[in-house]
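Participant: The listed protein sequences derive, respectively, from chains U, C and G. Residues in the first sequence are numbered consecutively from 3, following my numbering. Residues in the second sequence are numbered consecutively from 28, following my numbering. Residues in the third sequence are numbered consecutively from 0, following my numbering.
Just so you know, the hints here were simulated from the structure itself, not pulled from any lab data. Computed from a prediction, not measured in an experiment: that's the story for all the values here. Glycine included, C-beta positions come from ideal geometry on N, C-alpha and C. Fair warning: there could be bad hints in the mix.
[As the list claims (entries may be wrong)] Straight-line Cα separation of at most 27 Å, BS3-like style, residue types lysine-lysine; simulated pairs:
1) Lys32(G) to Lys365(U)
2) Lys355(U) to Lys74(G)
3) Lys115(G) to Lys355(U)
4) Lys115(G) to Lys60(G)
5) Lys32(G) to Lys72(C)
6) Lys144(U) to Lys74(G)
7) Lys60(G) to Lys175(U)
8) Lys112(U) to Lys115(G)
9) Lys72(C) to Lys144(G)
10) Lys144(U) to Lys94(G)
11) Lys32(G) to Lys74(G)
12) Lys72(C) to Lys122(G)
13) Lys144(U) to Lys60(G)
14) Lys94(G) to Lys122(G)
15) Lys32(G) to Lys52(U)
16) Lys60(G) to Lys172(U)
17) Lys144(U) to Lys175(U)
18) Lys32(G) to Lys115(G)
19) Lys74(G) to Lys304(U)
20) Lys122(G) to Lys32(G)
21) Lys365(U) to Lys355(U)
22) Lys115(G) to Lys104(U)
23) Lys50(U) to Lys32(G)
24) Lys172(U) to Lys278(U)
25) Lys202(U) to Lys104(U)
26) Lys144(G) to Lys60(G)
27) Lys112(U) to Lys50(U)
28) Lys60(G) to Lys72(C)
29) Lys60(G) to Lys32(G)
30) Lys104(U) to Lys144(U)
31) Lys32(G) to Lys110(U)
32) Lys117(G) to Lys112(U)
33) Lys32(G) to Lys304(U)
34) Lys104(U) to Lys113(G)
35) Lys112(U) to Lys175(U)
[To be verified] Label-pair distances were calculated between CB atoms; the ranges are:
36) Ser333(U) to Ala173(C): 58 to 64 Å
37) Phe118(G) to Val224(U): 52 to 58 Å
38) Glu169(U) to Gly114(C): 51 to 57 Å
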Amino acid sequence: MNTVAPKRQGRFRPCRPKKGQMEMPFNWIYVLIAGGVILLFFVGIVVKQKASAAEQLGTEVNQILSSITSAASSAETTKVVIQLAGFAEESLSFQCSDGVTKFGILGKGKPAEDLVTPLFAPALVQSGELLLWSLPFHFPYKITDFLYVTAPTVQYVLVGNDVHVQEFLKEAKSSEDARFAISVMRVDDIAAFSPSAGMKSVRIVDYTGQAITGEVPSSLQVFDDVQVSAVVFQSGAASFFQKKGAAWRSDGSSLLFTLGGELDAVHFAAIFAQNKEMFDCGMTKALQRAKHVSRVYAEKGKALLASPAALEGTCPVTYSGLPELLIVHPSATLTCAETYPLGCPDAVQSAGKLRAQNELLFKGGCVPLY
Amino acid sequence: MILLRRGQMEMIGLVVIVLLVTIAFLFLVQFALNDRSDPHFFARKQLATSTLMALSITTTSDCVSGDGPQIVSVNELLKDCAVNREGGFGYNCKGKYSCAYLREELIPTLMAGSLDTFRQRYELRSILIQDPDPPLLRQVGNDGCAARTNVDTSGEFPLDTGAGLVMSTLLICD
Amino acid sequence: MTETIAVMFIFFVLLFFGMIFYYRYVDASIEGKMDENAQRRAIEIATRFIFLPEVQCSGSKTYCIDLLKLEAFQKVIADDQHVDDYYYNLFAFAKITVQEVYPNTQQSWVVYDKPKQKFTSQKSTYFSVALHDPRTQEYRFGYVKMEVYS
Numbered sequence: 003m004n005t006v007a008p009k010r011q012g013r014f015r016p017c018r019p020k021k022g023q024m025e026m027p028f029n030w031i032y033v034l035i036a037g038g039v040i041l042l043f044f045v046g047i048v049v050k051q052k053a054s055a056a057e058q059l060g061t062e063v064n065q066i067l068s069s070i071t072s073a074a075s076s077a078e079t080t081k082v083v084i085q086l087a088g089f090a091e092e093s094l095s096f097q098c099s100d101g102v103t104k105f106g107i108l109g110k111g112k113p114a115e116d117l118v119t120p121l122f123a124p125a126l127v128q129s130g131e132l133l134l135w136s137l138p139f140h141f142p143y144k145i146t147d148f149l150y151v152t153a154p155t156v157q158y159v160l161v162g163n164d165v166h167v168q169e170f171l172k173e174a175k176s177s178e179d180a181r182f183a184i185s186v187m188r189v190d191d192i193a194a195f196s197p198s199a200g201m202k203s204v205r206i207v208d209y210t211g212q213a214i215t216g217e218v219p220s221s222l223q224v225f226d227d228v229q230v231s232a233v234v235f236q237s238g239a240a241s242f243f244q245k246k247g248a249a250w251r252s253d254g255s256s257l258l259f260t261l262g263g264e265l266d267a268v269h270f271a272a273i274f275a276q277n278k279e280m281f282d283c284g285m286t287k288a289l290q291r292a293k294h295v296s297r298v299y300a301e302k303g304k305a306l307l308a309s310p311a312a313l314e315g316t317c318p319v320t321y322s323g324l325p326e327l328l329i330v331h332p333s334a335t336l337t338c339a340e341t342y343p344l345g346c347p348d349a350v351q352s353a354g355k356l357r358a359q360n361e362l363l364f365k366g367g368c369v370p371l372y
Numbered sequence: 028m029i030l031l032r033r034g035q036m037e038m039i040g041l042v043v044i045v046l047l048v049t050i051a052f053l054f055l056v057q058f059a060l061n062d063r064s065d066p067h068f069f070a071r072k073q074l075a076t077s078t079l080m081a082l083s084i085t086t087t088s089d090c091v092s093g094d095g096p097q098i099v100s101v102n103e104l105l106k107d108c109a110v111n112r113e114g115g116f117g118y119n120c121k122g123k124y125s126c127a128y129l130r131e132e133l134i135p136t137l138m139a140g141s142l143d144t145f146r147q148r149y150e151l152r153s154i155l156i157q158d159p160d161p162p163l164l165r166q167v168g169n170d171g172c173a174a175r176t177n178v179d180t181s182g183e184f185p186l187d188t189g190a191g192l193v194m195s196t197l198l199i200c201d
Numbered sequence: 000m001t002e003t004i005a006v007m008f009i010f011f012v013l014l015f016f017g018m019i020f021y022y023r024y025v026d027a028s029i030e031g032k033m034d035e036n037a038q039r040r041a042i043e044i045a046t047r048f049i050f051l052p053e054v055q056c057s058g059s060k061t062y063c064i065d066l067l068k069l070e071a072f073q074k075v076i077a078d079d080q081h082v083d084d085y086y087y088n089l090f091a092f093a094k095i096t097v098q099e100v101y102p103n104t105q106q107s108w109v110v111y112d113k114p115k116q117k118f119t120s121q122k123s124t125y126f127s128v129a130l131h132d133p134r135t136q137e138y139r140f141g142y143v144k145m146e147v148y149s
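Chain U with its partners taken away, still in its complex shape:
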């Protein structure tokens, strides 16, 4: 069969249907539009997920860091390990000035702020784990919990034979959580000291007054300046030092306003605080709190004195020293908080007297103030 169309001649040309010619470009336009929309959809999802992931990271960091301060408030003498799996390569920075503690990931985002919890930590911590330890600060009743933040990569070197040395060695581990282990060792001669493997910073705690004189030990010269620091305890004060090249740079001294005793929160604050500024800042926060707590106890004392319990047996005599102390101590604490460190010796003295008065009440079978 002849399928070829006959060749027509003349001016008349057949009207060829253009349907096929129109559909081809139209199909491609459809594909382009559909493909473009799908692509845009995926791009939109990716962008949104990226933003959401960044926000989630920030939130996670804030939650972890906020749990740091909450951990201090929920129980005393707590030892907690916080895993920082996602942030092992990041450096956490801690600083305190003008009564505000700021902590966060170094160079990323806005640091979290805390105006209440006295927090003492190295300036920079790089580790997959944070070790948190809290101790109650008494003045003479419990004022607040001090929170110490460190990491297994910070080595504490104790020089001397002070009673605090044994205390720190004992408290460096937790009987409840085997993961809690502060790297601490005691040495007799700092010159012969060599840091353990894996340590990223070293803190020398000197009770002899002789370890931080002369040059920085040769084994510590390899560390950056910011990674090596020291604190010297002598005559009721803590002197802070920072490595500067091969020598020690003094950061100044702070008197320790404390009633002493076992597990002295102020003493350990000086050990864990990076420098004098952080220590003083934390102490100022604690004393601001002490101001308000003392007012509460003053009111409680007045209510106790007015109660029938205060008139029983020999209690009227035992309570006789309390009214004056209920005025003197809050006032001294207020002065100490406002003029730290100048007005603080009087506050320590009145705290001591209040503690003695309270013990008398206890022994006399009267209702104690705290």
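For chain U, the structure is supplied; the task is to place chains C and G on it using the hints.
Facilitator: Just chains C and G, lined up with the frame of chain U:
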């Protein structure tokens, strides 16, 4: 010719459908892998622990003993209940012995003012380990926690008594 | 041609519904997370209050509030705006009420009250506490109601 082009269109349509199904599947996977931890777990657990701790040391001045009127705690009444299950000795509180007073008066009053007010389902139980059946105390609120999901416990609170160890637990559930 | 238009129309309708579904899901997910965070904050603040040295019983007994200190704390906060501002750092926008359940159900203390002017949500959380009166050595029973605004 048109037949061939229809085939191309159908292929593209198929591709689009496959893409849509893939997206839907991705959503399903995301939803399935989402952590659906119970956000109220910690609140219930803390409430259970705090309630049992506070309840244990709560005192009442409704009781008398051989020495006269006394201020006694729930723990002391529980000890007395473990030792004097049938009564006859020990504390007498508003004409009832310690077991009856705890079961019928004090514990229901404390629970009514707290967990019942918060509309929580709960189950409080105290048993003598050496003789657990029947329990010394059993208080159930809002139908209790049998066959419920999201049950949180206060943990076990042991109490050393003359008759053995008494174990108390408070369950709070959804 | 008609076929093509019909297919495209259905395709875009499906896509449109898919996008609506996705964004609704994301919104609900975010709302759920915010709700969870608000609940968490309420518990955190309630825990902070219960362990506050200003109200906690001597000997750091857990879930125990010293009545004399509670009343003193209430008075100190009420009398001094600076003190109220200080505790804002701990409690933010919240209302803390301590309610006695036994033996006196009429007793309650509003210790801290700082509502937020335009709040989007309010979460309440409860903790039972023992209320210790050191004058009589009695331990009453009560609860702390923490209302947190966000």
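Participant: Does each hint fit the structure? Answer for all of them.
Facilitator: Structure-based check of each hint:
A distance of roughly 54 Å separates the Cα atoms of Lys32(G) and Lys365(U); the hinted pair therefore is violated under the 27 Å criterion. For a cut-off of 27 Å, the pair hint linking Lys355(U) to Lys74(G) stands: about 26 Å separates their Cα positions. A threshold of 27 Å between alpha carbons decides the hint, and for Lys115(G) with Lys355(U) the separation of about 43 Å lies outside it, so the pair is violated. A distance of roughly 32 Å separates the Cα atoms of Lys115(G) and Lys60(G); the hinted pair therefore is violated under the 27 Å criterion.
At most 27 Å may separate the alpha-carbon atoms for a hinted pair to count; Lys32(G) and Lys72(C) meet this at roughly 20 Å. A hinted pair counts as satisfied when its Cα atoms are at most 27 Å apart, and Lys144(U) with Lys74(G) qualifies at roughly 20 Å. Proposed proximity of Lys60(G) and Lys175(U) is supported: the alpha carbons are some 25 Å apart, at most 27 Å. Only pairs whose Cα atoms come within 27 Å are accepted, and Lys112(U) paired with Lys115(G) is accepted, the gap being roughly 24 Å.
Between the alpha carbons of Lys72(C) and Lys144(G) the distance comes to roughly 16 Å, so the proposed pair stays at or under 27 Å and holds. With a CA separation close to 25 Å, the supplied pair Lys144(U) and Lys94(G) stays within the 27 Å bound. Among the hinted pairs, Lys32(G) with Lys74(G) is inconsistent with the structure: their alpha-carbon atoms are about 37 Å apart, more than 27 Å. This hinted pair checks out: Lys72(C) and Lys122(G) have alpha carbons roughly 17 Å apart, not beyond 27 Å.
Of the supplied pair hints, the one linking Lys144(U) and Lys60(G) holds, its CA atoms being roughly 13 Å apart against a limit of 27 Å. Distance check on the hinted pair: Lys94(G) and Lys122(G) sit about 10 Å apart at the alpha-carbon level, within 27 Å; holds. A C-alpha spacing of about 17 Å is found between Lys32(G) and Lys52(U), which places the hinted pair at or below 27 Å, so the restraint holds. Taking the CA atoms of Lys60(G) and Lys172(U), the gap is near 25 Å; set against the 27 Å cutoff, the hint holds.
At roughly 24 Å between alpha-carbon atoms, Lys144(U) and Lys175(U) fall within 27 Å of each other, so this suggested pair holds. Taken as a hint, the Lys32(G) and Lys115(G) pair is honoured in the structure, with Cα atoms around 21 Å apart against an allowance of 27 Å. Pair hint Lys74(G) plus Lys304(U) holds up; C-alpha atoms about 13 Å apart against a cutoff of 27 Å. For the hint pairing Lys122(G) with Lys32(G), the CA-to-CA distance comes to about 14 Å; that is within 27 Å, so the pair holds.
Taking the CA atoms of Lys365(U) and Lys355(U), the gap is near 15 Å; set against the 27 Å cutoff, the hint holds. Restraint check: the Cα-Cα separation between Lys115(G) and Lys104(U) comes to about 26 Å, which is no more than 27 Å; the hinted pair holds. With a C-alpha separation of about 17 Å, the suggested pair Lys50(U) and Lys32(G) falls inside the 27 Å cut-off, and the hint holds. Proximity of Lys172(U) to Lys278(U) is assessed by CA-CA distance (about 26 Å); at most 27 Å being required, the pair is judged to hold.
Distance check on the hinted pair: Lys202(U) and Lys104(U) sit about 22 Å apart at the alpha-carbon level, within 27 Å; holds. Taking the CA atoms of Lys144(G) and Lys60(G), the gap is near 19 Å; set against the 27 Å cutoff, the hint holds. A threshold of 27 Å between alpha carbons decides the hint, and for Lys112(U) with Lys50(U) the separation of about 21 Å falls inside it, so the pair holds. Distance hint between Lys60(G) and Lys72(C) is fulfilled; the C-alpha atoms sit about 18 Å from each other, no more than 27 Å.
Using a Cα cut-off of 27 Å, the hinted pair Lys60(G) and Lys32(G) is violated, with the two alpha carbons roughly 34 Å apart. Of the supplied pair hints, the one linking Lys104(U) and Lys144(U) holds, its CA atoms being roughly 25 Å apart against a limit of 27 Å. The suggested pairing of Lys32(G) with Lys110(U) holds, with an alpha-carbon distance near 23 Å, which does not exceed 27 Å. With a C-alpha separation of about 26 Å, the suggested pair Lys117(G) and Lys112(U) falls inside the 27 Å cut-off, and the hint holds.
Our distance criterion of 27 Å between C-alpha atoms is broken by Lys32(G) and Lys304(U), whose separation comes to about 47 Å. Between Lys104(U) and Lys113(G) the CA atoms are separated by roughly 25 Å; this keeps the pair inside 27 Å, and the hint holds. For a cut-off of 27 Å, the pair hint linking Lys112(U) to Lys175(U) is broken: about 33 Å separates their Cα positions. Judged by the Cβ atoms, the range 58 to 64 Å given for Ser333(U) and Ala173(C) holds: they are separated by roughly 60 Å.
Separated by about 55 Å at the C-beta atoms, Phe118(G) and Val224(U) satisfy the suggested range of 52 to 58 Å. One distance hint, 51 to 57 Å for the beta-carbon pair Glu169(U) and Gly114(C), holds here, with the actual separation near 53 Å.
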